[in-house]
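Undergrad: Kindly generate the complete structure, drawing on both the sequences and the hints.
Single-letter residue listing:
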Amino acid sequence: MSVEQVPIGPNLFTWPTHKPSLIGSRCQCCGEYFFPVQRGCANCSSTSMGEVELGDRGVLWTWTIQGFIPKTPYNSEETPETFTPFGVGYVEMPCGVKVEARLKGSQPDQFHIGMPMQLVIEKLRTDDNGNDVMVFAFQAAEQEA
Amino acid sequence: MSEVAIVGIGMHNFGRSPGLSGLDQGANAVREALQDAGLSWKDIQVAYGGSQDAGNADALCNQLGLTALQFTNIWNGCATGGSSLSAAYNAIKSGSADVALAVGFDKHEPGAFNADPKDWGLDDWYGEAGLMVTTQFFAMKIQRYMAEYGITDDALIKVAQKAFYNGSLNPRAWRRQALSYDDIANSMMVSHPLRKYQFCSPAEGGAAIILCNSNLAKRFTSKLVYLKAAVVRTRVYGSFEVYSPCQAKEQGNAPSVKASQDAFELAGVGPKDFDVLQLQDTESGAEVMHMAENGFCEHGEQEHLIQSGATAINGSMPVNTDGGCLANGEPVGASGLRQVFEVCLQLRGQAGDRQVQNNPKLGYTHVYGAPGLSGVTVLAV
Chain A
1 MSVEQVPIGP NLFTWPTHKP SLIGSRCQCC GEYFFPVQRG CANCSSTSMG EVELGDRGVL
61 WTWTIQGFIP KTPYNSEETP ETFTPFGVGY VEMPCGVKVE ARLKGSQPDQ FHIGMPMQLV
121 IEKLRTDDNG NDVMVFAFQA AEQEA
Chain B
1 MSEVAIVGIG MHNFGRSPGL SGLDQGANAV REALQDAGLS WKDIQVAYGG SQDAGNADAL
61 CNQLGLTALQ FTNIWNGCAT GGSSLSAAYN AIKSGSADVA LAVGFDKHEP GAFNADPKDW
121 GLDDWYGEAG LMVTTQFFAM KIQRYMAEYG ITDDALIKVA QKAFYNGSLN PRAWRRQALS
181 YDDIANSMMV SHPLRKYQFC SPAEGGAAII LCNSNLAKRF TSKLVYLKAA VVRTRVYGSF
241 EVYSPCQAKE QGNAPSVKAS QDAFELAGVG PKDFDVLQLQ DTESGAEVMH MAENGFCEHG
301 EQEHLIQSGA TAINGSMPVN TDGGCLANGE PVGASGLRQV FEVCLQLRGQ AGDRQVQNNP
361 KLGYTHVYGA PGLSGVTVLA V
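Taken in order, these protein sequences are the chains called A and B.
Position one of the first sequence corresponds to residue 1 (the working numbering), numbered consecutively onward.
Position one of the second sequence corresponds to residue 1 (the working numbering), numbered consecutively onward.
Check each hint, because a few of them may be wrong.
As the list claims (entries may be wrong) - Okay, the calculated beta carbon distance ranges per label pair:
#1 A/Gln139 / B/Thr152: 50 to 58 Å
#2 B/Gly19 / A/Thr17: 51 to 59 Å
#3 A/Lys123 / B/Trp120: 24 to 32 Å
#4 A/Pro94 / B/Gly121: 22 to 30 Å
#5 B/Gly150 / A/Ser2: 49 to 57 Å
#6 A/Arg125 / B/Gly121: 37 to 45 Å
#7 A/Asp132 / B/Arg176: 49 to 57 Å
#8 A/Asp109 / B/Glu148: 44 to 52 Å
#9 B/Trp120 / A/Arg125: 18 to 26 Å
To be verified - Here are the simulated BS3-like pairs of lysine-lysine, each with C-alpha atoms no more than 30 Å apart in a straight line:
#10 B/Lys196 / B/Lys93
#11 B/Lys118 / B/Lys249
#12 B/Lys228 / B/Lys218
#13 B/Lys93 / A/Lys71
#14 B/Lys93 / B/Lys249
#15 B/Lys218 / B/Lys361
#16 B/Lys141 / B/Lys272
#17 B/Lys118 / B/Lys361
#18 B/Lys141 / A/Lys104
#19 A/Lys19 / A/Lys104
#20 B/Lys361 / B/Lys158
#21 B/Lys223 / B/Lys118
#22 A/Lys123 / B/Lys118
#23 A/Lys19 / B/Lys42
#24 B/Lys196 / A/Lys104
#25 A/Lys104 / B/Lys118
#26 B/Lys42 / B/Lys196
#27 A/Lys71 / B/Lys118
#28 B/Lys141 / B/Lys249
#29 A/Lys123 / A/Lys19
#30 B/Lys258 / B/Lys118
#31 B/Lys272 / B/Lys361
#32 B/Lys361 / A/Lys104
#33 B/Lys158 / B/Lys272
#34 B/Lys141 / A/Lys71
#35 B/Lys141 / A/Lys123
#36 A/Lys104 / A/Lys71
#37 B/Lys141 / B/Lys118
Simulated from the structure, these hints should not be mistaken for laboratory data.
Every value quoted in this text rests on a predicted model; they were computed, and no experiment measured them.
Glycine included, C-beta positions come from ideal geometry on N, C-alpha and C.
TA: Encoded structure:
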């Protein structure tokens with residue numbers, strides 16, 4: 001039986017594909033963007049929401065490093081002994097919305113506000129069926145978009 | 001028009017109380033507040049209270065007495081205590097009750113909270129991916145704030161140093177040992193740029209405040225503190241908040257901005273009028289940001305205020321005189337009421353070694369909680 005790559009949640013990013021994109025909502029009334037998909041607009045209360053691709057590049061808006069293993073509901077198969085600190089940040093997408101995501105890297109000198117970021121889809125854990133559970137994350141972009 | 005007076009304050013010391021449930025600690029706080037007021041439990045006409053992890057506050061009646069009073073359980077994140085007090089204030093102000101109680105208590109396991117995404121309108125993936133961690137939010141908010149407004153790491157260390165020094169002067173604080181600059185600077189990095197001693201710890205404890213219609217208040221005590229405003233406001237669109245998978249393109253005001261402005265208006269005072277402040281210091285950066293969000297200075301001005309000692313007990317703007325959340329820990333249900341307890345002591349002149357000098361007349365408390373709400377009070381003698 002082959003191992004499948006299953007997204008951690010439905011409708012978060014286009015998958016499978018060689019060029020994944022985050023999926024969000026755009027309010028048809030006020031034009032605000034949201035991630036993930038929303039049924040109602042937190043800005044203008046409209047329910048006219050359209051689904052849009054938010055892209056795969058952005059700019060780091062703020063960041064930190066998760067230095068200890070989170071308690072459940074964190075589910076990564078790690079133990080306190082095997083845990084590797086990971087970055088967390090908000091990445092400002094081209095449309096302006098800032099998406100919270102895991103960041104690849106665990107040292108402060110790897111991050112600075114304003115750095116270009118690239119979306120990656122990576123394995124978080126193996127599920128009960130032996131499939132890979134895939135999560136979205138960002139890493140430093142190799143070149144300006 | 002009648003005013004709202006605080007006639008009794010009580011606390012079960014924050015920290016760890018092995019063998020006592022959260023409810024036990026809440027009941028102790030209520031008993032102390034009753035004693036302070038010279039009242040008995042049957043005098044309480046309406047009560048509001050809550051906890052996060054220690055049960056419904058109404059269960060307090062089983063050990064305090066079943067007296068038919070109207071008791072409403074409140075749950076509003078870290079602003080639970082502030083929300084209980086606001087409800088009790090409104091009960092007195094509306095005339096529906098003459099004597100009201102706000103009570104909070106909790107008993108948390110050591111370590112960071114582990115919230116369930118579903119309780120906050122989020123899907124499981126958010127928690128599974130490791131994003132449902134409050135410490136991350138506070139770190140990311142101050143990280144951005146430092147870059148925008150020039151707040152230094154040095155200032156954040158000094159905020160924590162002040163908290164533990166104030167705690168060392170407070171016989172009822174949990175952390176009563178002053179820490180050196182190096183103790184804090186060299187402590188473990190929890191969530192960059194914040195270290196172990198710059199975060200408060202989930203803890204245990206209870207706090208209770210008894211309110212009374214001011215027309216009757218003089219019967220009970222000569223040490224009246226007036227609750228001039230008790231306001232809770234939630235976030236507006238664009239506010240940078242905890243448990244948010246995304247943030248809006250344009251950043252909006254924090255909920256503390258609206259809460260403080262409305263409280264000042266209700267009380268007929270301005271931010272320059274205050275003598276003593278309690279500002280939510282979940283971590284040392286929060287205290288810094290909340291100084292400006294509540295209108296006590298401009299964004300960025302905190303750096304100078306902290307470096308010059310303005311926020312110390314003997315400074316021009318004393319903040320968290322009892323050691324705040326950093327030295328007292330955070331039993332979520334009780335935390336906002338601990339702030340009111342401390343400001344009442346200060347305004348009564350009963351704060352001992354940490355007493356703000358020159359008879360402080362006007363005090364302020366501010367509690368902030370997930371998923372983005374603030375509860376503030378204006379207190380006066």
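Undergrad: Does each hint hold? Answer for all of them.
TA: Now the hints, each set against the structure:
{"no.": "1", "hint": "A/Gln139 / B/Thr152: 50 to 58 Å", "result": "violated, 29 Å"}
{"no.": "2", "hint": "B/Gly19 / A/Thr17: 51 to 59 Å", "result": "holds, 58 Å"}
{"no.": "3", "hint": "A/Lys123 / B/Trp120: 24 to 32 Å", "result": "holds, 26 Å"}
{"no.": "4", "hint": "A/Pro94 / B/Gly121: 22 to 30 Å", "result": "holds, 27 Å"}
{"no.": "5", "hint": "B/Gly150 / A/Ser2: 49 to 57 Å", "result": "holds, 54 Å"}
{"no.": "6", "hint": "A/Arg125 / B/Gly121: 37 to 45 Å", "result": "violated, 24 Å"}
{"no.": "7", "hint": "A/Asp132 / B/Arg176: 49 to 57 Å", "result": "holds, 50 Å"}
{"no.": "8", "hint": "A/Asp109 / B/Glu148: 44 to 52 Å", "result": "violated, 21 Å"}
{"no.": "9", "hint": "B/Trp120 / A/Arg125: 18 to 26 Å", "result": "holds, 22 Å"}
{"no.": "10", "hint": "B/Lys196 / B/Lys93", "result": "violated, 42 Å"}
{"no.": "11", "hint": "B/Lys118 / B/Lys249", "result": "holds, 25 Å"}
{"no.": "12", "hint": "B/Lys228 / B/Lys218", "result": "holds, 17 Å"}
{"no.": "13", "hint": "B/Lys93 / A/Lys71", "result": "violated, 43 Å"}
{"no.": "14", "hint": "B/Lys93 / B/Lys249", "result": "violated, 40 Å"}
{"no.": "15", "hint": "B/Lys218 / B/Lys361", "result": "holds, 18 Å"}
{"no.": "16", "hint": "B/Lys141 / B/Lys272", "result": "holds, 26 Å"}
{"no.": "17", "hint": "B/Lys118 / B/Lys361", "result": "violated, 44 Å"}
{"no.": "18", "hint": "B/Lys141 / A/Lys104", "result": "holds, 20 Å"}
{"no.": "19", "hint": "A/Lys19 / A/Lys104", "result": "holds, 18 Å"}
{"no.": "20", "hint": "B/Lys361 / B/Lys158", "result": "holds, 27 Å"}
{"no.": "21", "hint": "B/Lys223 / B/Lys118", "result": "violated, 45 Å"}
{"no.": "22", "hint": "A/Lys123 / B/Lys118", "result": "holds, 23 Å"}
{"no.": "23", "hint": "A/Lys19 / B/Lys42", "result": "violated, 68 Å"}
{"no.": "24", "hint": "B/Lys196 / A/Lys104", "result": "holds, 23 Å"}
{"no.": "25", "hint": "A/Lys104 / B/Lys118", "result": "holds, 26 Å"}
{"no.": "26", "hint": "B/Lys42 / B/Lys196", "result": "violated, 44 Å"}
{"no.": "27", "hint": "A/Lys71 / B/Lys118", "result": "holds, 16 Å"}
{"no.": "28", "hint": "B/Lys141 / B/Lys249", "result": "holds, 15 Å"}
{"no.": "29", "hint": "A/Lys123 / A/Lys19", "result": "holds, 16 Å"}
{"no.": "30", "hint": "B/Lys258 / B/Lys118", "result": "holds, 28 Å"}
{"no.": "31", "hint": "B/Lys272 / B/Lys361", "result": "holds, 13 Å"}
{"no.": "32", "hint": "B/Lys361 / A/Lys104", "result": "violated, 52 Å"}
{"no.": "33", "hint": "B/Lys158 / B/Lys272", "result": "holds, 23 Å"}
{"no.": "34", "hint": "B/Lys141 / A/Lys71", "result": "holds, 22 Å"}
{"no.": "35", "hint": "B/Lys141 / A/Lys123", "result": "holds, 28 Å"}
{"no.": "36", "hint": "A/Lys104 / A/Lys71", "result": "holds, 20 Å"}
{"no.": "37", "hint": "B/Lys141 / B/Lys118", "result": "holds, 23 Å"}
Comparing the model with each numbered hint stated earlier shows that hints 1, 6, 8, 10, 13, 14, 17, 21, 23, 26 and 32 do not hold.
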